[in-house]
Structures are given as structure tokens and as C-alpha cells.
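*Asks:* Given the structure of chain A, go ahead and fit chain B onto it with the hints provided.
Chain order of the listed sequences is A and B.
Here our numbering is used: the first residue of the first sequence is 2, the next is one more, and so on.
Here our numbering is used: the first residue of the second sequence is 469, the next is one more, and so on.
Just so you know, not all the hints are guaranteed correct.
To be verified - Examples of chain B residues toward chain A, derived with CB under 8 Å:
hint	residue
1	LEU477
2	ASN576
3	LYS879
4	ARG960
What the hints assert, rightly or not - SDA-like mimics (lysine to any residue), calculated; alpha carbons at most 25 Å apart, straight line:
hint	chain 1	residue 1	chain 2	residue 2
5	B	LYS975	A	TYR300
6	A	LYS401	B	ALA793
7	A	LYS303	B	GLY549
8	B	LYS637	A	LYS356
9	B	LYS969	A	ARG315
10	A	LYS155	A	GLN175
11	A	LYS286	B	VAL971
12	A	LYS356	B	SER496
13	A	LYS303	B	SER955
14	B	LYS774	B	LEU564
15	A	LYS55	B	SER790
16	B	LYS864	A	HIS318
17	A	LYS155	B	ASP632
18	A	LYS400	B	ALA793
19	A	LYS368	B	PRO506
20	A	LYS55	B	LEU564
21	B	LYS472	B	GLY549
22	B	LYS969	A	ARG305
These aren't lab readings, by the way, just hints derived from the structure by calculation.
All C-beta atoms in this analysis are idealised placements derived from N, C-alpha and C, irrespective of residue type, glycine included.
So you can see what is in the structure, the chains are spelled out below.
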Amino acid sequence: MRYIPNSPDERAEMLRQIGVSSMENLFDSIPADLRLQRSLNVPTALSELELLKKFETTATRNPAAGRISFLGAGAYSHYIPTVVDSLISRSEFFTAYTPYQPEISQGTLQAIFEFQTLVCQLTGMDIANASMYDGSTAMAEAVLMAERVTRRSKVIASSAIHPEYFEVAHTYVQHAGIELAHSDYSPETGTTLADALTDLDDKTAALVVQSPNFFGCIEDVQALADKAHEVGALLIVVVTEAMSFGLLKSPGACGADIVVAEGQSFGVPLSFGGPYVGLFATREKYARQIPGRLVGEAYDGKGRRGFVLTLATREQHIRREKATSNICTNEGLIALAATIYLETMGPRGIEAVAKHCAQKAHYAARKIGAIEGFSLPFSAPFFNEFVVRAPGDANSLLKKLANEKGIDGGIALSRYDANRPNEFLVCATETNTREQIDALVDGIESLSH
Amino acid sequence: MITKVTTHLSPNERLIFDRSQPGRMGFSLPPLDVDEAPLDEIIPRDFQRDDGLAGMPEVTEVDVIRHFTRISTWNYSIDQGMYPLGSCTMKYNSRLNEKVARIGGFANLHPLASEDEAQGALEVIYELQQNLAEITGLPGISLQPAAGAHGEMTGIMIIRARIDARDGKEKSAQRRTMLIPDSAHGTNPASANLSGFTVKTIRSTSEGLTDLDHLRELCAHGDVAGLMLTNPNTLGLFEKNIRKICDIVHEAGGLVYMDGANMNALVGVARPGDMGVDVIHLNLHKTFSTPHGGGGPGSGPCCCTKELEPFLPVPRIVRSDSAAADSKSQIPNYRLDFNYAQSIGRVKAFYGNYGMMLRALAYILTHGRDGLREATEAAVLNARYIADALVSDYDKPFDGSPMHEVVFTDKRQARKGAHTLDIAKRLIDYGFHPMTIYFPLIVSGAMLIEPTESVGRQELDQFIEAMRAIAQEALENPELLLNAPHSTRIGRLDEATAARKPVLRWKPQTTESHSTACP
Numbered sequence: 002m003r004y005i006p007n008s009p010d011e012r013a014e015m016l017r018q019i020g021v022s023s024m025e026n027l028f029d030s031i032p033a034d035l036r037l038q039r040s041l042n043v044p045t046a047l048s049e050l051e052l053l054k055k056f057e058t059t060a061t062r063n064p065a066a067g068r069i070s071f072l073g074a075g076a077y078s079h080y081i082p083t084v085v086d087s088l089i090s091r092s093e094f095f096t097a098y099t100p101y102q103p104e105i106s107q108g109t110l111q112a113i114f115e116f117q118t119l120v121c122q123l124t125g126m127d128i129a130n131a132s133m134y135d136g137s138t139a140m141a142e143a144v145l146m147a148e149r150v151t152r153r154s155k156v157i158a159s160s161a162i163h164p165e166y167f168e169v170a171h172t173y174v175q176h177a178g179i180e181l182a183h184s185d186y187s188p189e190t191g192t193t194l195a196d197a198l199t200d201l202d203d204k205t206a207a208l209v210v211q212s213p214n215f216f217g218c219i220e221d222v223q224a225l226a227d228k229a230h231e232v233g234a235l236l237i238v239v240v241t242e243a244m245s246f247g248l249l250k251s252p253g254a255c256g257a258d259i260v261v262a263e264g265q266s267f268g269v270p271l272s273f274g275g276p277y278v279g280l281f282a283t284r285e286k287y288a289r290q291i292p293g294r295l296v297g298e299a300y301d302g303k304g305r306r307g308f309v310l311t312l313a314t315r316e317q318h319i320r321r322e323k324a325t326s327n328i329c330t331n332e333g334l335i336a337l338a339a340t341i342y343l344e345t346m347g348p349r350g351i352e353a354v355a356k357h358c359a360q361k362a363h364y365a366a367r368k369i370g371a372i373e374g375f376s377l378p379f380s381a382p383f384f385n386e387f388v389v390r391a392p393g394d395a396n397s398l399l400k401k402l403a404n405e406k407g408i409d410g411g412i413a414l415s416r417y418d419a420n421r422p423n424e425f426l427v428c429a430t431e432t433n434t435r436e437q438i439d440a441l442v443d444g445i446e447s448l449s450h
Numbered sequence: 469m470i471t472k473v474t475t476h477l478s479p480n481e482r483l484i485f486d487r488s489q490p491g492r493m494g495f496s497l498p499p500l501d502v503d504e505a506p507l508d509e510i511i512p513r514d515f516q517r518d519d520g521l522a523g524m525p526e527v528t529e530v531d532v533i534r535h536f537t538r539i540s541t542w543n544y545s546i547d548q549g550m551y552p553l554g555s556c557t558m559k560y561n562s563r564l565n566e567k568v569a570r571i572g573g574f575a576n577l578h579p580l581a582s583e584d585e586a587q588g589a590l591e592v593i594y595e596l597q598q599n600l601a602e603i604t605g606l607p608g609i610s611l612q613p614a615a616g617a618h619g620e621m622t623g624i625m626i627i628r629a630r631i632d633a634r635d636g637k638e639k640s641a642q643r644r645t646m647l648i649p650d651s652a653h654g655t656n657p658a659s660a661n662l663s664g665f666t667v668k669t670i671r672s673t674s675e676g677l678t679d680l681d682h683l684r685e686l687c688a689h690g691d692v693a694g695l696m697l698t699n700p701n702t703l704g705l706f707e708k709n710i711r712k713i714c715d716i717v718h719e720a721g722g723l724v725y726m727d728g729a730n731m732n733a734l735v736g737v738a739r740p741g742d743m744g745v746d747v748i749h750l751n752l753h754k755t756f757s758t759p760h761g762g763g764g765p766g767s768g769p770c771c772c773t774k775e776l777e778p779f780l781p782v783p784r785i786v787r788s789d790s791a792a793a794d795s796k797s798q799i800p801n802y803r804l805d806f807n808y809a810q811s812i813g814r815v816k817a818f819y820g821n822y823g824m825m826l827r828a829l830a831y832i833l834t835h836g837r838d839g840l841r842e843a844t845e846a847a848v849l850n851a852r853y854i855a856d857a858l859v860s861d862y863d864k865p866f867d868g869s870p871m872h873e874v875v876f877t878d879k880r881q882a883r884k885g886a887h888t889l890d891i892a893k894r895l896i897d898y899g900f901h902p903m904t905i906y907f908p909l910i911v912s913g914a915m916l917i918e919p920t921e922s923v924g925r926q927e928l929d930q931f932i933e934a935m936r937a938i939a940q941e942a943l944e945n946p947e948l949l950l951n952a953p954h955s956t957r958i959g960r961l962d963e964a965t966a967a968r969k970p971v972l973r974w975k976p977q978t979t980e981s982h983s984t985a986c987p
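Chain B with its partners taken away, still in its complex shape:
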């Protein structure tokens, strides 16, 4: 039985360009209050725009409100409930954090304001740096990267810079291999490639962990610059040999980069810095609850050991206290420090996605030391609860106890013709956003489920019931799955044709032909 949702009317809404009517206006400006110069005198006619911004929509404020409110209702969102995308950590986005990011003293601050006039903003960065360094056990930190993949690229470039500095250009040119497990996220090899590394893939064992023998073998040739490891890995399993893994790589002259996508399993419980990891990126939009916003903005801080600190992007945000007038106390002073000759350079203009830093710091301070651990425990407990409940209906390819996420497969359902995609689509009819599907790539028909701590027991039970019902349907009426979803405003879209003949924008001449096809 479907308990979480019921169907109701969904408003139709065409593209804004279809609402456009000449002469509609959505804006107002004060009258121009300076002496106006003839336009041709200030900007030569040849440089002036002459197309009148043709095609841009002309609508009123009411049109805009209705348009976006209507299309917004077509989205699933965390605020509607569980969003169990594995490795995405879709946890509650606090309204308080949104309020903090909108405080005028931060939101209206120009990035090139002088340091003296932006001490509060720099203090926030510094304070977040301190907290993240403590959480990861890695003291060097830069908040400049704008997203996870950006933090990854930064981390790998730091490894490259360190090895170049340590071995000298000539010797280090022999070390251009980056080891990546076959279970890794696709951004890992893409980031390694961008930093000039050749990727070699490490096999996973039947337990779902890094194959130590294969790792040793790959490390035996003197060409390894580093290893990129996700821990817990993308199967939700903690790499219990992590220290051994780090030792093997270090002994081979390489460095260990950890993808911090799954830090929600570790905060307050264990620290990458204590495991032998050299550099890690965090996803503030996962572990520290900054909103995903339909695909960004993210924020991907990079944390590293003291040894790697000189290579972090510039500017660094540092504290240099000055003596107060009474000379006994210190006045905190925060500044931008560009003076790192070995830095990999800048990875983004200004200092990173500052608005996300404010939200992440608010998250950390709202939880406090005990709350952070409590969230980790609740997240792992929720995942284990699901793992326990679904093992009777779905194939669980690895026996190990999962941490914050658990992987199942479609092995049992596929016999009747219902595959992972079909299970995922049917889950939509039950009112849930599907889990991550077909990832990691090493598990055939993978379904990676991460509930996070932000789901209560009732909804977990509803999810479990939905998954069990779907397993039953897969046996009795697989057609129901193959045609799912049934209750959404559109059905499965023909993605193959979309990619073969891509239509990536609206054009005036195509509106008529399309208006027959869309409601």
C-alpha cells in the first residue's frame, strides 16, 4: 500500500518565453539622476548592442512568481522527506543557516574590501578552518575550492607539487601514476587526469575492500605518486586496513588522498589525519548540510598535513594577533597571506563560496561537539536499520556491516525482468526519491541507499515497506515496475533521442511546432 503520498493536481506551465508579451514589465528603477551624455558620445555606435536583446522574455512580476512557483512543485526536495541518494548525504538544510548567510554584514560585503574592514568575514573563515582541521585531524586547510571535484583537483595538485619539490623535476617525472580503486566516483580519475597523472585501477576484494596484494603489486614499480581513496568507500564499508594501505603507499614514496564524500559516517568518531591520510577534501554541501540547490553551489575545502601545507592555494587566511594598548592582551587580526612560494596557486577568484562557509559554521556551532557525534551515530543507525530490514527482500552483495550507506542489487528482481532502474522509478510512485543507482560501477545493478540522520523511524519504516512491496510486485507483476512511474506528470523520457539530437535552448521558430506536443 502506498502510504506516504496521494496524487493531486499538478499545474501545467510552459516556458517563460511562451508567457512573454511585448510591453510587459517586471522591474522598476528610479529616474536617472545624473546628467545624461548622448550614448554615441560615450560608447561608439560600433560597440553598441543593436539586437534589442531579442527573444528575452517580457513578463511582469506576477508572471515570474506564478511561473516559478508552478514549476517548483514539480521537484522533489529534502523538505518533503527522505532523499536516500547514496554518497550524496541529503540531510536537512536548516533555515537558521539560511538566515545567517543573509545577514547584511556578510551578504553585502565586497570581496575586495580592505582586510581591516572585513575582519568579521575573515574571522568566520578562520573559525571554520579551525573546526574542520579538528574534525579531520589535518591542520593545513584551504576553503577556496568551490565544490567536491574542485577540492579533489586541489588535493591532487598539492600531491603533485609536493612530489615535484621533494624529488626534483626530473625524478618526479617518473612518478606520474595515481592509484584509484575501481569503486571510486568518476570525478577521481577526471581530477587526476587534469593534474597530469595516469590512472591505474586497484581491484576490490570479494569483501568490498581495497585489495592489499594488488595495491602492493601496483606500488612495486616506483612510479606511484599517490592513492585516491574514499573511506568509508562507496559501498558504505569502512576500509579497516586504512593504516596498512597508507603505509604501503608511503613506503612506495606516494601520498594518500582521501575523498571526503562519506565523512558523514566519521565526524566525531574517527579522523582521517589519525589514519595516515595526507590530504582530504570535504563537501560542505554534504556533511555540513549546506543546501544542494538543485545541483550547487557546493564547497569543497581541502585539508592536509603540516608537510603539505606550504602547497595549499593562496591566499591563505591567517591570524596574526597584535598587542593591545595595555600590552597584556592580544587583539585578534585576520589577514590574507599570499606569501607561499610553493603554493599550487589560486583555484578560484576571491576566497571560495563564502556563503556556504557561513552555513557550515552555523551547522557546526548549532550541533556542538556532542551534537556532531550524535548526528554521525544517528546517520549510521538509520542506514543499518535499512540494511537489516531489506536483506530479506534484496540481494546484499557484501556481508560487512555498512556505515552510513548500504548497497543492494537487483539480482533477485532481475530474474523476472525488473531491474534497478525500474525499482527506482517505482519508488517514485511510493512518494520517495530513488536511491543512487548503478553506482558504484563494480556492483551490477547497484542501489546505494543513504538515509542520513534527518529521517525519523516512521518514514524509514514507510521506505522499507515500499521497498518490500516493490520486491513483491517485481515477482507478481513486473510490468508495473517496467512502466513506472505512473503518478508523475511525465513518464520516462527518451534520453537516447535527446542526446542524439540535442535541443539545448528555446528558439522562437520552434515554439509553434512544440506547442502541439506539450500541454
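Just chain A, with the same shape it has in the complex:
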């Protein structure tokens, strides 16, 4: 095995040296009847040549990966500058462990400190942690945190949140004594109905909204924050398309108390859903209630600045069952990718990409909305995703688009809501050219007439 440095002869010599007569005897502490008396039923080893061939062949059975695509809904196709993968591929970054020994982990620690700062700047919040698994688990952790902060047990989540995010939160809180309720969105605007928030009361820990929401619509975050604060509840804002930070007023500036986001848009490949990176930011006063790792500034005996993992007394390895979360790792390397992406793009780059996304999506919406029989059911302003209502079954239209035109035109809402059979969600980013958008429009037009 080429990954094991010691040759069989060396291993035999080492065995002799420690006085063990055979490899099998190394396992004497395992009762014989518990030892596997046969070989594993796993294939025999493949060479590098065979292995690559196998995976390359398997990858060809993912035709969607090569398609013109307008899929979004929590995972977005943005351009990734070459430097991102080049730098995260440095072994000093990707083969390092969690930075428990700060003297020889300053590279990772400083990068996370920069990441935390960037997340604060984007979200308009005071502090951010070193990242969570992804946006969905970050939202679930935010719900748990709101309960800790307010000591209230009811949480109201807008039904215009990504359905998978809601499902994850539901799983997390099912045994935590938290009642998680849905509040309706307006079928006209596509945004959370502030007037329907009748359940919002002095027992409510938090109101959770997504903006831009699952339908792409921009919520009036300020108005919802005011609503939540009137009853002493926190406002948790969820963002799945983090590129929207480049164009939209930050949740922090609109009164959010906790902001969580999926950071995949920042230099992270789609990779069939992961690994991504969850962003988690809040107000300074909640620093000791935040879940996950935190990196802070520290000085050595000679006054030299460095960075360390800090406020560890919140964490499981110290507080065990009383910890703020069971989370141990963050998404270190993906947070690094996001950091490199954001620093490469800079403020002007993020703004420019966000502008391209919005303009392309609105161009597509104008064109599709003008096709006979098609309409845009929601009136609220949107960023780069919008719902289209087709004259017939959306799923079969999308299938035909893929098979006959080679275009993945969107996500049928029936995947999540059987009551919306004719609607689909379209997303455009800076990677979609006018040519592609025109092909989508032509495709829809020709297939439905």
C-alpha cells in the first residue's frame, strides 16, 4: 500500500522489537470471537490509473453537471477565481487540524479572524463565528440560541423559508422543548405576511425570515424586525444567496439580531450539495451565547499579536452537556475558500457580481413573463431568483427543456409543495450569458406552443 511508509520488512522488524510475534497478536485485546475471521467484502485495490478512470466514467452519468443551468434554491453557480482553489490546495491549509496549538497554527487562525470580520461587514453585525456546517444547520443553531437568549420557547418561521432549512430546524428542536410554528406568506407578493403574525407574542423567542426568501422575493426586513421587537422577540434573518449582500441593505442595518447564511456563493463549488459553509453573526451582547468556534486576538509575553480559539467555556469540550452547541469542527477549509474569494473580489467585485446577477435575472424575468400563457405570480421585488407560473405542469416542461434543449431551466416548486404544480423557480447569475437566457426563453416558448 503506497500510503503506508513502513515496508513489510520494517514492520516485521518493529514487531520483533516490541516482542509481538505476529500482526494478528497486535489485536489480542479483542476477544477472538469478535474478530472478523474473513476478508472484508470490499473490492480489491485499484491502481491510480484504474481509480481515476472509474470516477471519470461515473461522472459522465451526471449530465446535469455540463448543462446550461438556471438552478438555485440554496446552491448557486457563481464564477470561482482560479486563485481560490490554488490557495486552499496548499497543504499547509488543507492538511492542518483545528488550530489547538496557536504557535504553529497562526495561518489558519489569522484567516479565520479575517473571515469573521468579513462576515460582520457583509451582514452588518458585530460579531461572527468561525463558521457552521452550512446555512441550514446554522439556522437551526440560531433557533436554539434564540431560546437560550430569551428563555422563551416558541419560534415562528416564515413559510417562505427554504423548505429544507425548515425541516432541519424541525429535526434539531423536536426534543429541545421548542415549539416551531409556520407563518404564512402572501400569495400576491410572495413575502411574509406581517399582518398574519398573530402568533407573535411575549412567549415568542424569535421570528425567522429568509431574505431574499425561497421564492427569491426580498422581504421588508426592517418591518419584520420592528414586529418581532415589539414583543421582545429576536429577529433571525436567513440568507441562502449570500451574493445578495452585495446589493441589498444588510440585515444588521435592518434590525436583525442573528443573521445566518449559506456561504456557498463565495467561491465554493456546487459539489452536489456540500461541503458548504454556514455564516453565523450576531450582536456583541450575545457573544457568550453564540454556538461554534470563535477566534480572537491575543498577545504573547513579548507583546506580539497572534490569534487563538477563544471563549471556549461555551463549548462542548469544557461544558459538556451544558454547552451552547454540540458542534466541534467548523467548516475550516470552506471558510478559507470564502475568505479568499471575498478578499479577491473586494467590495467592488461583490457589488459588480451582485449587479450582474440581478440584471440578468430581471432580463430573464421580463422575457419569460412576456411569453403567452406564462406569468410571474409574485409582485415583490427580487434579487436573482423568481417564480414563473406556466400554463401547464412545470415538471414536464422542465424535463422537456433538459432533454430536448439541453437546459436545466429551474426547479419545479412541486418538489416541495404539491399545491404549486405549474410553478418553477428560475435563478440567474453572472455565469449565465444573454445567449443562454435567450435560449431558455426560446426553449420555453417553443415547447409550450
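*Replies:* Relative to the frame of chain A, chain B by itself:
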């Protein structure tokens, strides 16, 4: 003598915000090729960002490359050598696996692409599931959890769901106790708490194993939902009574969860499913070599018995073959199956950390059945070699033969004032990343050493020599340890002040005051 390293120049590099200059640009975009609408017409002014993303750095691509290359050199990494963190399994991260994860057909695949158009991706998940089920001897499996602690939470929620279904809500409400040995990782009690359980701690015996009498006593009250056990345990010792332990818990109406953090000692040699374990999580980033990345991403699959399978997270990835045109052969067909009414639900959006699954499958197929066992043997042999060599210089609190990791203490060195932390820091001067320290909590001054199979004999010998030299220094010149490390770019940092007055981000107004303090 320090043989592994020598000192050399280390570049200084301030925060990226200190490099920022207005007007520097690191990106390029094609011109906007669609008809542009006035911004105010598409997004109301009130919703538009008006702070210009103030404070974000403006730098060029060259700045970014230099910045990250410089700070990267301040990290220790597996590629530089032995990384003996106990229970962390820092083994070689193959470049081939990285290449596999970057194949366009996987990396550019959207998670909500239709199943028909993503058969290759689903096949990879299915194939990895099959292999992990065989390795653990537990047939039910979900790859959705994103990390070890996440897999733990999933496993414990499955136990809770099973007991609720078996006993009914009312009766099962009496079973809310989770037993956890005092040697367990902190994530165990934290995960149990998240699932609504009260933790009771089981003592370890003087041999370093689970105390069966104490276990029986705790199981006698009819309130036990389960046991969370790491095996080999965090002392590196195999729980030889594992079958008895499982029987006691099962007879008391509970289920057994195994923390798979230490599976690197067992792959190809013994299977948790054959020991009586009901559910386990694996760490693909430990046993199956996916990179730790400076703290993630991980991947924590959850494997369980047939009995617990209905409770696994959805969607499950299943195979349902369809008949080929000639009707004799079967065409494999993989799909997402949401139809499990008893499932605990979803634990993450989409299907888990897919990129890690690709790497783990590549690891398994590169090793093959014989290579997997060979890696286990080499890992245990390396740990035993260290255990054997250091026992003359360091206190080894348990006599039992360790598996893939071994625990020592600072008992002998502490008499002269040098403690575990000091030994660990001095090890840095010798060119090694320290071992896991002060864990497990039940061993005073613990030093938990796990070399893994990825270290050759020469480096093991260098490590042993370094540890012996440090033991000598502790006797003759303990000061040398107390002030270590001496050769790093910064010394020990004042963590207490950092936690008391946390500075968790850069702010423009603080740059000037700090620029005097940092080089």
C-alpha cells in the same frame, strides 16, 4: 539533539485589511451583456445597500497570493510530518482523492438536478454506503451528517425515535437517561442533551475500561435509553467486555451507540455490528482520510442495525433496478427515497458533505480489502512501538496493550514543575505537532498519542528521541520547557485576557493602536 527541523526566516504578514488600498482590484468580469434596467426600478432604494461594503479590503490578485502564501507557512500540517493528535487520526490526505473530488461531473453538479441526470453522483453515495455498511457490520446507513458531532446527534435521535415508537410516548418519557463513560469526548454529552436526554456518567475501572458493576447499577432503574461508548475507548484500550456491556444495556431496554472516532483501530479486523452495537457514527475525516482542512469540513455518516433503519434521516439513497429492454438484465437506478414515516427528519440541507464522500470512496477503493486491514495493522503497530519506547521515560497509567493510540501522563515530569502543556510546547521546538493534551479528562495530565499508519520508522524514532530528550530536560532544566516554544514566530499567547476581553474582528479604528504592537 533536534534532528527533524532547523530554524529559518518566517515572513511577517499583517491582516489583509492592512494591505488594502482604495482602487486596487483583484477581479475581472465580462461586460454586462443584457439590457440594463435602472437599479431603482428593479430594487426599491430602501432595500438597497448604502454603505458601499465599507471596510472590505481592496487588494489585487498578487496581494491575495502573497498574503495567503505567507500566512500558510505559519501552519504545521500533515504533509510536513507526524501529527500525533490522539483520537484525531491525522493520516495522509491523498492528492488523488483531491483530484477525484474536483472532476467536473461531480464538482459542477447542482444538488437539485433531477435524479435521472445525477445517476453517477447517487451511485457514488450508494457505493460508499455499501462499503461502510460492510466495514461496520451495520446495514442501515445515512451519509447526511456533516461531521462527527452531527452524526452523533443523528444516532442519539434515532435511539430516541426507536424507543418512542417501541414503548409509546408515555412509557418512553420514563426513559430519558443516557449513560456516558467519564472518558468520553465532550460532544457525547452535548449531543445527548440536544436530544432531550439527561446524562449519567459511568466510572472507568483501574484498568481503564468501563466499570460493569457501575453499569449494572445504573441500568437497574428502568430509565436508561442508551449508552454512548467509544471503542477502542479514548485511552486507546479495546473494551474487551463490549458484548457483555451491550447485553446489559439491551436487557435494561436500552440501545448502544458507539462513537466511531477510533475506527482506525478496527477496520478490517473487527466490526461494531458483530459486537452488539446498534448505531455508530464514522468520521470520514479521520478513518477514511478526508482532509481536516484546519477544522473541517468533516463528514459523519451514521450506520445502524436493520431494526433502527426506519428512523434514519431522509432522503435515503436507494437502488431500484429496472428491467433492461432485453428483460434479462437489470439497469441500476438510484433515487432519493423520502418515504420513511418514522424518520427523525432531515439533519442537513441536500445530502451531506458530498465532496468528502467522493474522497472517502476513493480512499477505500485505493486500499481495497487487503489494504484497509494493512492500514489498521500499521496504525496499531506504530502506536505500540511508541508505547513500548516511551514507557521508560513517561508514566503510562494503564497496563493494557493500547490499540491505535496510547496515553501517557506528566506524573514524573510534574515533580520538577514541568507539566503536560510544557512538554507539548517543547515538542514544537523539536519539529513535531504536539499530541492531544489533557484529554481524556479522567487522566491527570494526559498526553494522548496517535501516530496513525502514515508515519515511517525513522520519524517515529525521531519522535521518541525528542520525547526522551524532553523528559531529560524536564529533570535537568525544566525552565526550558516552561518557556517553550522557543523557535516559533510567537510565544505562548495570553488566552485568559483574550477570553476576558474578546476581540473577535478587525475594526478600522483599532488598526493604528495595534500596528505598534505587531511586527
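*Asks:* All the hints need checking, so say for each whether the structure fits it.
*Replies:* A quick look at each hint next to the structure:
no.	hint	result
1	LEU477	15 Å, violated
2	ASN576	4 Å, holds
3	LYS879	22 Å, violated
4	ARG960	6 Å, holds
5	LYS975/B - TYR300/A	17 Å, holds
6	LYS401/A - ALA793/B	23 Å, holds
7	LYS303/A - GLY549/B	29 Å, violated
8	LYS637/B - LYS356/A	53 Å, violated
9	LYS969/B - ARG315/A	15 Å, holds
10	LYS155/A - GLN175/A	12 Å, holds
11	LYS286/A - VAL971/B	13 Å, holds
12	LYS356/A - SER496/B	14 Å, holds
13	LYS303/A - SER955/B	14 Å, holds
14	LYS774/B - LEU564/B	34 Å, violated
15	LYS55/A - SER790/B	23 Å, holds
16	LYS864/B - HIS318/A	23 Å, holds
17	LYS155/A - ASP632/B	23 Å, holds
18	LYS400/A - ALA793/B	22 Å, holds
19	LYS368/A - PRO506/B	17 Å, holds
20	LYS55/A - LEU564/B	13 Å, holds
21	LYS472/B - GLY549/B	9 Å, holds
22	LYS969/B - ARG305/A	17 Å, holds
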